[in-house]
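Asks: Using the sequences provided together with the hints, build the complete structure.
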Amino acid sequence: MPVPIQGEIALPTNPNCVLYAAPAAQAMDEGWTALQRTAWSALEQFYSSCGIDCVAYFGRRSWLDRRNHTVSQLLLMFVMDGPASSSDLQLIEAVFKRSPVQWSVGAMESMPQDAFPSLCVKSGKMYQLWSSIEGRPRYLRMKMAGDRLSIVGASEDAVTTADFLPYMKHVVAGRRRVRDEDWRMERMRIAFAHHYSKAIMEADGVIHADEREFMSRVFPPDVMESMGMSDHEARQVALGEAMEQLPALLGHHDKLAMVGLFFSVCHADGNLDAREMRVLKDAASVLGLDGNEVVAYLTRLW
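For what it's worth, numbering that gives the first Met the number 0 labels the leading residue of the sequence shown as 0, then goes sequentially.
Careful: at least some of the hints might be erroneous.
Claimed, not checked - Here are the simulated EDC-like cross-link-like pairs (lysine to aspartate or glutamate), alpha carbons at most 20 Å apart as the crow flies:
| id | residue 1 | residue 2 |
| --- | --- | --- |
| 1 | Lys121 | Glu212 |
| 2 | Lys96 | Glu43 |
| 3 | Lys168 | Glu7 |
| 4 | Lys197 | Glu155 |
| 5 | Lys142 | Asp28 |
| 6 | Lys197 | Glu180 |
| 7 | Lys197 | Asp181 |
| 8 | Lys121 | Asp268 |
| 9 | Lys142 | Asp281 |
| 10 | Lys197 | Asp113 |
| 11 | Lys121 | Asp203 |
| 12 | Lys197 | Glu232 |
| 13 | Lys142 | Glu155 |
| 14 | Lys124 | Asp80 |
| 15 | Lys124 | Glu292 |
| 16 | Lys280 | Asp268 |
| 17 | Lys197 | Asp80 |
| 18 | Lys168 | Glu155 |
| 19 | Lys280 | Asp230 |
| 20 | Lys197 | Asp221 |
| 21 | Lys280 | Asp221 |
| 22 | Lys142 | Asp113 |
| 23 | Lys197 | Glu133 |
| 24 | Lys124 | Glu43 |
The set of hints was computed from the structure by calculation and includes no laboratory data.
Replies: As structure tokens, this is what we get:
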């Protein structure tokens with residue numbers, strides 16, 4: 000049967016994702032349908048716990064293994080449209096632990112640019128997502144050719160319902176919706192991250208060129224200006240709102256993503272200083288993170 004595409008769903012604006020990686024060859028040996036089932040199961044478990052809409056993305060990257068060999072990795076990522084708790088995320092983790100594929104533990108990262116949305120749970124219903132490319136819907140999937148992982152697309156007349164998991168409505172993934180509350184959230188997030196990143200950079204009394212370059216890359220002037228935070232006074236206003244509201248508004252994975260950013264600042268000059276790490280711990284405490292959780296997450300990064 001041909002595939003009916005019924006409408007469009009706007010994607011969440013959260014810039015962070017929970018990312019799982021696996022050796023591309025091993026993951027693709029399981030088959031694309033099996034990978035879709037893994038994503039579907041994780042979405043179902045997550046939504047049943049917290050009722051938060053969530054989108055599963057697929058992507059790829061090259062990675063250096065412990066022997067400094069370049070390997071191709073398949074990525075499976077989840078973007079939540081609300082504040083998920085630690086226990087909610089553990090349900091996703093459990094799905095990957097049961098998988099025959101050797102997935103990494105979940106990491107909180109910014110969404111890779113070439114990732115594409117694949118499945119979505121929204122208001123308790125599961126959707127198969129199509130991407131709009133040059134104004135036409137395309138079903139994107141991964142394909143392995145030799146040791147190369149590529150993204151391929153198909154039009155609706157080139158596939159049938161037998162190519163997909165059953166019982167899902169097919170929709171086009173629309174542009175991420177930017178609501179007023181999303182803009183305010185991002186402004187608070189940037190203000191908080193900028194404040195503590197700067198405090199970490201200054202904690203050892205020496206500001207290195209590598210640290211300056213890191214700050215300009217993470218907080219480019221044009222972005223700060225577009226968010227209305229190009230001057231100190233505006234940043235202080237946004238920071239005050241962030242200190243008061245972010246602990247309740249951010250999900251657990253967003254908080255850990257912030258910790259990951261601060262750890263990168265600590266290591267921007269190639270050294271870890273105890274004074275810088277104290278600032279990181281202070282920031283984590285303000286966000287409401289337990290110290291043991293912070294240590295456990297930093298152990299994954301180090």
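Asks: Just pull the numbers of the violated hints for me, sorted ascending.
Replies: Of the numbered hints, 1, 4, 6, 7, 8, 9, 10, 11, 15, 17, 19, 21, 23 do not hold.
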